[in-house]
Amino acid sequence: GAGVSQSPSNKVTEKGKDVELRCDPISGHTALYWYRQSLGQGLEFLIYFQGNSAPDKSGLPSDRFSAERTGGSVSTLTIQRTQQEDSAVYLCASSLGFSGNTEAFFGQGTRLTVV
Amino acid sequence: DAKTTQPNSMESNEEEPVHLPCNHSTISGTDYIHWYRQLPSQGPEYVIHGLTSNVNNRMASLAIAEDRKSSTLILHRATLRDAAVYYCILRDSVRAAGNKLTFGGGTRVLVKP
Chain A
388 GAGVSQSPSN KVTEKGKDVE LRCDPISGHT ALYWYRQSLG QGLEFLIYFQ
438 GNSAPDKSGL PSDRFSAERT GGSVSTLTIQ RTQQEDSAVY LCASSLGFSG
488 NTEAFFGQGT RLTVV
Chain B
298 DAKTTQPNSM ESNEEEPVHL PCNHSTISGT DYIHWYRQLP SQGPEYVIHG
348 LTSNVNNRMA SLAIAEDRKS STLILHRATL RDAAVYYCIL RDSVRAAGNK
398 LTFGGGTRVL VKP
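Quick mapping for you: the protein sequence lines, in order, are chains A and B.
Take the first sequence: its letters are residues 388 to 502, numbered as in the numbering used here.
Take the second sequence: its letters are residues 298 to 410, numbered as in the numbering used here.
You may find that some hints are simply not true.
[Unchecked claim] Cβ pair distances, simulated, as ranges:
no., chain 1, residue 1, chain 2, residue 2, range
1, B, 363, A, 455, 18 to 28 Å
2, A, 465, B, 410, 37 to 47 Å
3, B, 366, A, 472, 15 to 25 Å
4, B, 363, A, 395, 40 to 50 Å
Think of the hints as simulated: they come from the structure by calculation, not from any bench.
Cβ coordinates follow ideal geometry from the N, Cα and C atoms, glycine included.
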């Protein structure tokens with residue numbers, strides 16, 4: 388596709404269950420980012436990938452959160468034992484490279500609701 | 298990370314220009330100035346970016362102060378579709394930790410018909 392694709396677009400899960408959120412970046416984009424946005428709040432950085440490696444995991448809120456990227460393409464964000472405070476929109480972005488001279492393209496997000 | 302400061306909100310009339318200021322007094326020589334906007338219920342959208350010189354594209358213009366400590370995003374003729382939160386962000390080209398985009402509170406733009 389032409390843009391960043393995220394799935395599912397909406398996810399409702401019960402507290403304590405694990406969830407996987409998927410991001411398909413733009414083809415050829417080596418940098419991939421995950422953010423989350425709670426209702427009415429700003430964007431909170433979670434993690435980014437350069438290729439398949441994640442140089443900066445500092446934004447992950449707890450050890451229940453993990454992310455991986457395979458083949459330099461698709462990325463999965465996993466939240467284990469979900470809690471109600473995990474409810475938010477999870478956004479993925481990709482950019483062509485590492486340079487500050489490249490723009491990032493965002494997906495439409497996955498709205499996660501933990502009940 | 299170098300920080301940016303923006304007004305919380307601005308109002309504009311439809312078909313009039315909008316000037317959105319951003320202060321970044323601690324900007325480094327390798328920081329690019331990026332602008333993104335987020336329309337309601339959507340992911341952020343790239344608007345424009347620059348380093349030292351003013352930039353124009355089909356969406357907007359970016360005016361960068363000579364000392365680079367501030368910049369202004371200019372929407373030449375606001376439409377109702379331009380109502381969004383606009384984020385001014387610095388993106389470092391050198392430090393690995395600067396590769397991420399750090400979003401502040403942004404400026405919420407209201408366009409009145």
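Outcome of the hint check:
no., hint, in the structure
1, B:363 <-> A:455: 18 to 28 Å, "45 Å, violated"
2, A:465 <-> B:410: 37 to 47 Å, "45 Å, holds"
3, B:366 <-> A:472: 15 to 25 Å, "38 Å, violated"
4, B:363 <-> A:395: 40 to 50 Å, "48 Å, holds"
Checked against the numbered hints given earlier, this structure breaks hints 1 and 3; the rest are met.
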